[in-house]
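Trainee: Listed below are the residues making up each chain.
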Amino acid sequence: MAYGATSGAASVAKLDFLLNLIGKTDISMMERDNFVQDNYKSINFDTLIEMLDKETVLKDSLVTKTSIDQDNTENLVREIYEKVLEKGEPLPTLKKKAHLKFLNYVISSPLPEGYTVLDASHPWLIYWCCNSIKMLDQDLTLETKRAISNTVLSFVNTETGGIGGGLNQLGHIAATYASVCSLALSEDEESWLKIDRKSIYNWIMNHLKQPDGSFIMSIGGEKDTRAVYCTLCVASLLNIITPELIENTANWLSSCQTFEGGFAGTPQDEAHGGYTFCAVASFCILGEPSMILPKYCNLDSLIRWTCMRQYQLEGGLSGRTNKLVDGCYSHWVGSIVPFLEMTIKGVNKELISRAALQNYILNCCQLENESGGLRDKPGKSVDFYHTNYVLCGLSILQHKYFFNSNLDKGTIDSAAYCYNCNTINNLNIIEIKSENQLNSIDPIFGLPLGIANSMKDFFVNLDS
Amino acid sequence: MEMDDFSWDDIEPCEISSAGTSGVEICNIQYSDEYKLVMGYLIKLMSLKEYSERALILTDQVIKLVPAHYTIWQYRFDIIKFLKKDILKELEWCERVALENQKNYQIWHYRQLLIELYINNNGKFKPEFEYPLIDTMIGEDNKNYHVWAYRKWLVEKFNLYADQREIFFINEMLTKDIRNNSAWNHRFFIFFNNNNKEITKNLIKQEIEFTKNAIDLAPQNPSPWNYLLGIYENEKFNLNLKDLEPFLLKYSNIEEELNDGKIEPLIISTFSLEILAKIYQLNNLSEKSIKIYNLLADKYDPIRKNYWHYKRDNLISI
Chain A
1 MAYGATSGAA
11 SVAKLDFLLN
21 LIGKTDISMM
31 ERDNFVQDNY
41 KSINFDTLIE
51 MLDKETVLKD
61 SLVTKTSIDQ
71 DNTENLVREI
81 YEKVLEKGEP
91 LPTLKKKAHL
101 KFLNYVISSP
111 LPEGYTVLDA
121 SHPWLIYWCC
131 NSIKMLDQDL
141 TLETKRAISN
151 TVLSFVNTET
161 GGIGGGLNQL
171 GHIAATYASV
181 CSLALSEDEE
191 SWLKIDRKSI
201 YNWIMNHLKQ
211 PDGSFIMSIG
221 GEKDTRAVYC
231 TLCVASLLNI
241 ITPELIENTA
251 NWLSSCQTFE
261 GGFAGTPQDE
271 AHGGYTFCAV
281 ASFCILGEPS
291 MILPKYCNLD
301 SLIRWTCMRQ
311 YQLEGGLSGR
321 TNKLVDGCYS
331 HWVGSIVPFL
341 EMTIKGVNKE
351 LISRAALQNY
361 ILNCCQLENE
371 SGGLRDKPGK
381 SVDFYHTNYV
391 LCGLSILQHK
401 YFFNSNLDKG
411 TIDSAAYCYN
421 CNTINNLNII
431 EIKSENQLNS
441 IDPIFGLPLG
451 IANSMKDFFV
461 NLDS
Chain B
1 MEMDDFSWDD
11 IEPCEISSAG
21 TSGVEICNIQ
31 YSDEYKLVMG
41 YLIKLMSLKE
51 YSERALILTD
61 QVIKLVPAHY
71 TIWQYRFDII
81 KFLKKDILKE
91 LEWCERVALE
101 NQKNYQIWHY
111 RQLLIELYIN
121 NNGKFKPEFE
131 YPLIDTMIGE
141 DNKNYHVWAY
151 RKWLVEKFNL
161 YADQREIFFI
171 NEMLTKDIRN
181 NSAWNHRFFI
191 FFNNNNKEIT
201 KNLIKQEIEF
211 TKNAIDLAPQ
221 NPSPWNYLLG
231 IYENEKFNLN
241 LKDLEPFLLK
251 YSNIEEELND
261 GKIEPLIIST
271 FSLEILAKIY
281 QLNNLSEKSI
291 KIYNLLADKY
301 DPIRKNYWHY
311 KRDNLISI
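For the record, the sequence lines run as chains A and B. Under full-length UniProt numbering, read the first sequence as residues 1 to 464, first letter to last. Under full-length UniProt numbering, read the second sequence as residues 1 to 318, first letter to last.
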């Protein structure tokens, strides 16, 4: 299938650029045409050329640490992209088998001693790996599902309330979020019944909830937008969300938006991708994006800040102004985009370059060899955190989301469960090859789409 | 002090098992024997609610191995409180842990707890005590989010907004790297925070001048542009974006481009173009704005083509 990228003067310039790049400046017209036939096949390829082509545009000469770091990253990325262009189509694809091998190893055998550093993050390991496996379209075995629920339930702290990061640990709302997500992935309804929801509710209300509407992570722990997001997800999925629980919360979140447009961990800190996702997704648990975001955010500056996170040469997303791209922001920043696109008016409703981000993910976040796992950027090693969030970002950019108010459950958080999506089928935006296609995820909860709804329905039915 | 300096005969440590037997059936970590032993004692002591020197030694070992172990941090804090330990000494311990592991973010919250406790017990705490550590940590990583957030907390806690050391620190950071956005953010916080009741015209003028000079050094640096927009778009300050036009034209000689002039236009900042488009819109010159958005989309900032088209189409629909 030939994509019509070769029309017009711009494409001639692009072609010259490319030929120059690979040292073929002196060739006949026929060779040229053949080259075009062989190489211009998709918007993805065309976008890649454009990313490299425009990279010299408007660059300051002043050298500082920031510009040195940025140049180093650009050099690593450019080297990869130039090799890809030289090879031509087909472009590198998602190494699904290798990623599954990497993930299946983790859930089937004990982890080496080096993972001790994650001893307070067990539920996260389970969530990252199992969620990634589902996105890659592998079902979890019955055995794995049982193992997930048994393990997570063993982390419940009956003394403090809440779920801890491992055995004998204090309840922690981030660990509880990852645990509830893991239980949702286990689809083990029997284990869902074993969660003491009342004690989790009391723990949240008596220990985590702050008078200003925010939450702290654990008894004696820190307060930030992450804690708000984790609390709202947990309370919503377990159907223990009440008007008292969310009192003042939207106002507090609102105070975390900075002059730059993104959100910070606490008021007046620096705008940051992770915290901005937490704030935006939290708002969208409380209401429909097009209603609640304009009410509590400066929408213009939020959209601007979000779009500014994408970088010309890399195509990837950064987490803050003047910081480097990192694959994990494909999710933290990339997953803000659907909410914004559902909020804005207009015909196209496209805000970032999906093709450029997909190029970054497929070319720069996978290892050069055949090993699995995904990473921050070239030169970094893979880990489970990046594997999950890079895949989430890839999945999100491959789908177009819709808010379907017919799905309203009649609960105060019903807006969180009204999302549908389609795989993007528009070759002017992005080409999604079947090898690269991932299952869709829920933009709020970061779970395979439908799983959060099942858990919510289960508890709504139980409570009615 | 080490583990061997204490007697453990009265304690039967909890069994920390490896694979399979603990109830952890997935993502089970193969701990070292040493870690199992230390954790075994720690969990036992925690369950007995023992707040002792020997427990303190164990928390030190675990925290150095697993910096994110919030349960052990909390236990350590409870021990310090119970034994009425010298908090300044504990802050020094905490400092060593920080310097050994840059990525350890738990320490900043822990320091806050310690300082709050110190104030409760002793009344006055000197915030200067914190500067050497902050300086060292920022020296290692000039955009360390947690350290900047901690500095903000310190300013709020001790009302240091007007302290000359703050602005001196910020200026030093920006002199080293004018693109350090964390420093710009801290600057905005110091001058334009919600507690500042004295945001004078002079201050605003001074900051606009400072920012313009920064832009001059590197016109494509987003940080000062965001800062400038942050000031101009703050309704409380009652400023008019249009006043920026002459300044903006220095970086985007847009008239040439818009009038299809023969002279190659001098465009050295996408941000000046962007703000000019806003100004033309305010002046009801939407056509000019549309041309600028097209220029940004096609020529000067193509990665954001969709965003610039969105801005453009918004204008058309008005």
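Simulated from the structure, these hints should not be mistaken for lab results. By construction, the Cβ of each residue, glycine as well, lies at the ideal position given by its N, Cα and C atoms. Hints may contain errors.
Pairwise CB distance ranges, derived in the manner of DEER restraints [stated by the list, open to error]:
id, chain 1, residue 1, chain 2, residue 2, range
1, A, Asn251, B, Glu15, 47 to 53 Å
2, B, Lys212, A, Lys409, 52 to 58 Å
3, A, Asn420, B, Glu116, 27 to 33 Å
Trainee: If a hint holds in the structure, say so; if it does not, say that too.
Mentor: How the hints compare with the structure:
no., hint, verdict
1, Asn251/A - Glu15/B: 47 to 53 Å, "48 Å, holds"
2, Lys212/B - Lys409/A: 52 to 58 Å, "53 Å, holds"
3, Asn420/A - Glu116/B: 27 to 33 Å, "48 Å, violated"
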